[in-house]
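Peer 1: Going down the list, the protein sequences come from chains A and B. Taking numbering that gives the first Met the number 0, the leading residue of the first sequence gets 0, the next gets one more, and so forth. Taking numbering that gives the first Met the number 0, the leading residue of the second sequence gets 0, the next gets one more, and so forth.
Simulated from the structure, these hints should not be mistaken for lab results. Just so you know, these numbers come straight off a predicted model, no measurement behind them. All C-beta atoms in this analysis are idealised placements derived from N, C-alpha and C, irrespective of residue type, glycine included. Errors might be hidden in some of the hints.
One side of the interface only, derived from the structure: several residues of chain A facing chain B at Cβ under 8 Å [what the hints assert, rightly or not]:
| hint | residue |
| --- | --- |
| 1 | Ile254 |
| 2 | Gln294 |
| 3 | Ser295 |
| 4 | Tyr298 |
| 5 | Phe299 |
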Amino acid sequence: MALKTIIPDFRKTSPVDQVGIEERVARFTTRSIKKSSKMQGLKMVLSMIDLTTLEGKDTEGKVKQMCYKAAHLHDVIPGLPSVAAVCVYPSMVKAAKDALKGTDIKVASVSTAFPSGQSTPEIKILDTKFAVEHGADEIDMVISRGEFLKGNYNFVFEEIAAIKEACGKARLKVIFETGELSTLDNVRKASDIAMYAGADFIKTSTGKISPAATMPVTLVMLEAIRDYYYATGRMVGMKPAGGISTSKLALQYLIMVHETLGAAWLSNEWFRFGASSLANDVLMQIAKETHGVYQSPDYFSKD
Amino acid sequence: MAKITSRIEIQKTYKVFIGGQFPRTESGRYYPLNDKKGNVIANICLCSRKDFRNAEVAARGAQGGWAARSAFNRGQILYRIAEMLEGRKEQFVAELIAQGSSTAAARQEVERSIDRMVYYSGWCDKFQQVYSAVNPVASSHFNFSVPEPTGVVAIIADENTSLLGLVTAIAPVIAGGNTCVVLASETRPLCAVTFAEVLNTSDLPAGVVNILTGSSAELHAHFSNHMDVNAVLYYRNDKAEIKAIQENASLNVKRVFIYNKTDVNSEKAQSPYFIMDVQEIKTTWHPVENIGAAKAGY
């Protein structure tokens, strides 16, 4: 489907009302979700997790173990969903793909010289193609923050468009590393650039920089997605990543998605959590609701 | 202009102690505490299940770091608590009197509490050598056993004393490298809150001791069924609660110690065995070279 869209002048992106964003976010944290709706919410959170390992010390064995966890979150409690995807480095894509054979869990691969993005365009494209050839269903690329902060928006736009082309059928998530963009205005601008350049998902952070995903940043990106949807009719997904480690916080994110974008975005096709420790916290909450007593991490597998 | 003849005393807000901070109970519930004449002297937090949950998380977070400190350093910190207690003696005496003690009894209770803290401070770097052992084994191994802290200990402290029962319960637990969540006496809670202020100014890391106020009838089930609690100590004498604690503790096989026969006022309420109750014995088999049929040294 070819969309005839007029690409806006990114220098003129509408500024973000920071005070307004913070007040709105504060409201999302006051909702009370209990009992059966909480259970449903927690299961939804599980099904939206991209279980992630992005360490220099990753091995095939570690990835295989994480993939097992992705498919068998906590077999003690029947009826739990599996996570949406596992997220690994390109060199681990094959191992993950093999380990997940027979499941519908996707394999996402970071690319473009993750996490810094400091490399040549050729290498970034090769990096992406390598991951896709080994079977990655999704590509998580990082933008060149240096170029972006210089004001070189065309460079960033072209780069995303080029990686999108290299992705082929794989869905493209674009990581802004919002912790390095410093203002919400910049986050909004980066969101617009990425979506117009063809991103299927926009993602907050690599998880290597603090602050990672925060609710204000996510809300700005969700509003950008909403405005883009109204302008073009194309849905774009959202993935906050890093720093979301408790179920309570995850549920607040779901509320924010629902009240900003609507129920259409409440599936793992359009919303993901990039997290490693969130899954166990959610499982502990589900077990607490099931068994009636507070749980200990000792009884949940480490991923 | 009217002359001000007397000033209104500032009343203290008695809050709870979780993770090194003094929050109010999340439940927003309070119960009034009366003096002998029936006047309300304070509103005390009536803690809930969620306060216990938060305190447990704080205790678990602090446990690794506390256990990893050198035994000598733990001893220093316990001694520091005693020093701080000594400095605020008069405040504790006044609170005990407000809660119905005679002056002599109040003074004795505070002094015993301080002495007991010093007693356990001394044991911090000694119990491990006393209760460790090198074991004779019939293979070429160096085999030794050492006590290690159990982990997070939930304590329901003595009901009849305000300070001494608290110190008696907490000191041996933290001396051994555990962290704890303590429920203070329901009818005599004032000293517990003031004791928390002492702990907070004694170099004790946040979360090692967490003090809640409220009702054991409401909280004993949560103290004993939390899966991330490793031991429960109970210093009261309610048969139904004891039974419930023992049953709940079986969920994750917590250690349960019912000290209902322990009179905290007596000398028998202090001994290194109270430290050892919340210790696990770890035995290590260390291979020893057995070249040329040389015998193991031990």
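Peer 1: Against this structure, judge whether each hint is valid.
Peer 2: For each hint, the structure was consulted:
At a threshold of 8 Å, the smallest CB-CB gap from Ile254/A to chain B is about 20 Å, leaving the interface hint violated. For Gln294/A, the interface hint holds, since its Cβ comes within 8 Å of a Cβ in chain B; the closest pair sits about 5 Å apart. Checking Ser295/A against chain B: minimum C-beta separation of about 4 Å stays under 8 Å; hint holds. Of the supplied interface hints, the one on Tyr298/A holds, with its beta-carbon coming within about 7 Å of a beta-carbon of chain B, less than 8 Å.
The beta carbon of Phe299/A is not positioned within 8 Å of any beta carbon in chain B (closest approach about 10 Å), and the interface hint is therefore violated.
Taken one by one, the earlier hints fail for this structure at numbers 1 and 5, listed in ascending order.
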